[in-house]
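Going line by line, the protein sequences match chains A and B.
Everything in the first sequence is counted per this note's numbering, starting at 1 for the first residue and increasing by one.
Everything in the second sequence is counted per this note's numbering, starting at 318 for the first residue and increasing by one.
Hints are computed from structural coordinates only; laboratory data are not their basis.
Positions of the beta carbon are idealized from the N, C-alpha and C atoms, including for glycine.
Among the hints, a few may not be true.
Claimed, not checked - Looking from chain B toward chain A, a few residues come up when the C-beta cut is under 10 Å (computed): (1) Ala382; (2) Ser385; (3) Trp389; (4) Ile443; (5) Leu451; (6) Phe453; (7) Leu458; (8) Val471; (9) Leu474; (10) Ala542; (11) Leu569; (12) Ile584; (13) Pro587; (14) Val595.
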Amino acid sequence: MLRYTIRRFFLMIPTLLGVAVLVFLLLRAMPGDIVEVRMLMDGGQVSPEALALERARLGLDQPLIYQFYHWITGIMVGDFGTSMWTGRPVIEEIGNRLGLSLQVAIMATILAVMISIPLGTISAIYNNTWIDHVIRAFAIAGLAVPSFWLGMLIILGLLLTFNWIPPLTYTPIWEDPIRNLSQLIWPAIAVGYRYSAVATRMTRSTLLEVLQEDYIRTARAKGVYERLVLSRHAIRNAMLPVVTVIGLEFAFLIGGLVVTEQVFNLNGIGKLFVETVTRADYTMVQALVMLVAAFFIIINFVVDLLYAVLDPRIRYS
Amino acid sequence: MTTTTSSEIDFRERKAQHPIIAFARTQPTGMAGLVFIIVLFIAGVFAEFVAPYDPLQLDYGAMLAPPSWEHWMGTDAFGRDVFSRIIYGARTALAVGFLSSMLGSGIGAIIGMVSAYYGGRIDMTIERFMDVLLAFPIIVLALAVVAVLGKFPVGGLDLNLIIAIAIPMIPKIARVVRSATLAIRGLPYIDAARAAGYSSTRIIFRHIAPNVVAPFLIMFTAFIAQAILLEASLSFLGLGVTEPTAAWGLMLSGTSQEFYSQAPWMILFPGIAISLAVFAFNLFGDSLRDYLDPRFKI
Numbered sequence: 001m002l003r004y005t006i007r008r009f010f011l012m013i014p015t016l017l018g019v020a021v022l023v024f025l026l027l028r029a030m031p032g033d034i035v036e037v038r039m040l041m042d043g044g045q046v047s048p049e050a051l052a053l054e055r056a057r058l059g060l061d062q063p064l065i066y067q068f069y070h071w072i073t074g075i076m077v078g079d080f081g082t083s084m085w086t087g088r089p090v091i092e093e094i095g096n097r098l099g100l101s102l103q104v105a106i107m108a109t110i111l112a113v114m115i116s117i118p119l120g121t122i123s124a125i126y127n128n129t130w131i132d133h134v135i136r137a138f139a140i141a142g143l144a145v146p147s148f149w150l151g152m153l154i155i156l157g158l159l160l161t162f163n164w165i166p167p168l169t170y171t172p173i174w175e176d177p178i179r180n181l182s183q184l185i186w187p188a189i190a191v192g193y194r195y196s197a198v199a200t201r202m203t204r205s206t207l208l209e210v211l212q213e214d215y216i217r218t219a220r221a222k223g224v225y226e227r228l229v230l231s232r233h234a235i236r237n238a239m240l241p242v243v244t245v246i247g248l249e250f251a252f253l254i255g256g257l258v259v260t261e262q263v264f265n266l267n268g269i270g271k272l273f274v275e276t277v278t279r280a281d282y283t284m285v286q287a288l289v290m291l292v293a294a295f296f297i298i299i300n301f302v303v304d305l306l307y308a309v310l311d312p313r314i315r316y317s
Numbered sequence: 318m319t320t321t322t323s324s325e326i327d328f329r330e331r332k333a334q335h336p337i338i339a340f341a342r343t344q345p346t347g348m349a350g351l352v353f354i355i356v357l358f359i360a361g362v363f364a365e366f367v368a369p370y371d372p373l374q375l376d377y378g379a380m381l382a383p384p385s386w387e388h389w390m391g392t393d394a395f396g397r398d399v400f401s402r403i404i405y406g407a408r409t410a411l412a413v414g415f416l417s418s419m420l421g422s423g424i425g426a427i428i429g430m431v432s433a434y435y436g437g438r439i440d441m442t443i444e445r446f447m448d449v450l451l452a453f454p455i456i457v458l459a460l461a462v463v464a465v466l467g468k469f470p471v472g473g474l475d476l477n478l479i480i481a482i483a484i485p486m487i488p489k490i491a492r493v494v495r496s497a498t499l500a501i502r503g504l505p506y507i508d509a510a511r512a513a514g515y516s517s518t519r520i521i522f523r524h525i526a527p528n529v530v531a532p533f534l535i536m537f538t539a540f541i542a543q544a545i546l547l548e549a550s551l552s553f554l555g556l557g558v559t560e561p562t563a564a565w566g567l568m569l570s571g572t573s574q575e576f577y578s579q580a581p582w583m584i585l586f587p588g589i590a591i592s593l594a595v596f597a598f599n600l601f602g603d604s605l606r607d608y609l610d611p612r613f614k615i
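Next up, chain A with everything else stripped away, as it sits in the complex (with noise of 0.2 Å):
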């Protein structure tokens, strides 16, 4: 086990720093640099060596090989440097919006799991019943909704009937937990109906295919209680794709809130990560994504360790 831990470790290396590579040279790629999207935004007329100036304060004017060197070593030692936009720590720039992201993202995963758990295992017991049906349509539906327009739509209902509109500031939870809880469950909720729709189908597949397995005869066969089958023997059984789905989605809610944080006006990652890419802010957009794919990376690491500790042939192959 600790073999198999150890290389599924060191491969994520490679891909990591692929992603840093790939990064890195498509943002180089981009048609007009910082500098220039910066200083000739207003259309004024700047002078050539104004542009190389700020090109050299801003070491733009180094060799890519170099920058890139500079830029992952600097990683290595937690230093990502500062925003070109800002001039501040891009560090500062994410934490003070990482939260807002992340809690929304989290309240959508408890919302997900409240829900498609138990929809999931109960289209599963009622399959080809009307329940299946409806149950399989509200999941198919959430596929198909888009979040940013759920969220278009929920805003809209609160405020025919509320008369709520989507307050400009944001209220962190430890100054005013209501407050705050009563601002984000929305987003949560018009990125959540997606995730649960996901997993619910993944619920009601895997257990219906769990439903066929011997074991489980055997189970009803000795006379074991129905429940019992279900809560011992059944939904143990088929958690782990599950858990795997939640965990994948997870980490894709970060894209999720991309569009939704613009119709709520929050100001989480998302938000930042559409105002620096149009912007050409390198050190921003690269340590955003490195910060998804490592995240994304790494919760890949973990569900791959789970099902090694779960499935020995796995751990040989």
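Since the structure of chain A is already known, use the hints to place chain B on it.
Frame of chain A, contents of chain B only:
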């Protein structure tokens, strides 16, 4: 549920049936999806004849008009007919959806087949690169590509937008096609083709490709739904289709919050259009999977 019914059908009867009839019989919901897709397609292609108004025509006399007999879905802040813009939006969504899915799944499928066919170091290298692409959330990757490539309009369509939507598809389909290819690579007929002296290109395209068509088609339909959603999201952010072209996501982005209560039809209808289109493709894709490959679940 549907797998049992298809296995109960008598083999000879099934063979005599036209595939479309067999599909409609065993997968009624999928057929409903397909019918809706065809309706959408016709509306998009013949938008000039279906739409009652010019989607670009401004009418300052009828700004933010609620739904009425003249304007079925009301008008927007410029007095443009929402229904007509939705019909033209179908053209945009389907064109972007189909073209990007063809591009993404075509390239991805070739990469997957090549990777599995050659194996060894080539396979390893390609797989690692696909891992890198998979580590990006779809929208993050697409946004980055859009920002890098800028705009490149060809015949009213932004080619770079299509590329940006296609790229995130490549690693996903490459994976699926790769594993399907691995399953058939060792079969005797491939060995026979190799022994007959056929080139690798010929073996890949003539002998392997026809046998990975089922997973390819399943992924392809799923990708169209994904592409429509992604195009809507990008357009909503102002980084996809741009004004004055009619696109569903763009119609939603124009609706700033002051219009929410004043003109809810501007929010309602474009979102319904996106949801229904994606729903239809998902429904069809799900049924296609059950029909083509009953072993696949979820």
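Restraint: B:Ile584 near chain A, CB-CB cut 10 Å. Satisfied or not? holds, 5 Å
Report holds or violated for the interface hint on B:Leu474, using the least CB-CB distance to chain A and a cut-off of 10 Å. Interface hint status for B:Leu474: violated (20 Å vs cutoff 10 Å).
Restraint satisfaction for B:Leu458 [CB to CB of chain A, less than 10 Å]: holds, 9 Å
Agreement of hint B:Leu569 with chain A interface, Cβ distance less than 10 Å: At 6 Å from the nearest chain A Cβ, B:Leu569 passes the 10 Å test, so the hint holds.
Given hint B:Phe453 near chain A, where the shortest CB pair must fall under 10 Å: Constraint on B:Phe453 satisfied, holds at 6 Å.
B:Ile443 as an interface hint toward chain A, with CB separation required under 10 Å: With a minimum Cβ separation of about 12 Å from chain A (threshold 10 Å), the hint on B:Ile443 is violated.
Any CB of chain A closer than 10 Å to the CB of B:Val471? violated, 18 Å
Interface hint status, B:Trp389 versus chain A (Cβ within 10 Å): Violated, about 20 Å.
Using the nearest Cβ pair, does B:Ala382 come within less than 10 Å of chain A? At about 18 Å, which exceeds the 10 Å cut-off, the nearest Cβ of chain A leaves the hint on B:Ala382 violated.
Restraint: B:Ala542 near chain A, CB-CB cut 10 Å. Satisfied or not? holds, 7 Å
When the nearest CB of chain A is found for B:Leu451, is that gap smaller than 10 Å? holds, 8 Å
Residue hint B:Ser385, partner chain A, criterion CB-CB below 10 Å: Violated: closest Cβ of chain A sits about 20 Å from B:Ser385, beyond 10 Å.
The structure fails to meet hints 1, 2, 3, 4, 8 and 9 from the earlier list, while all remaining hints are met.
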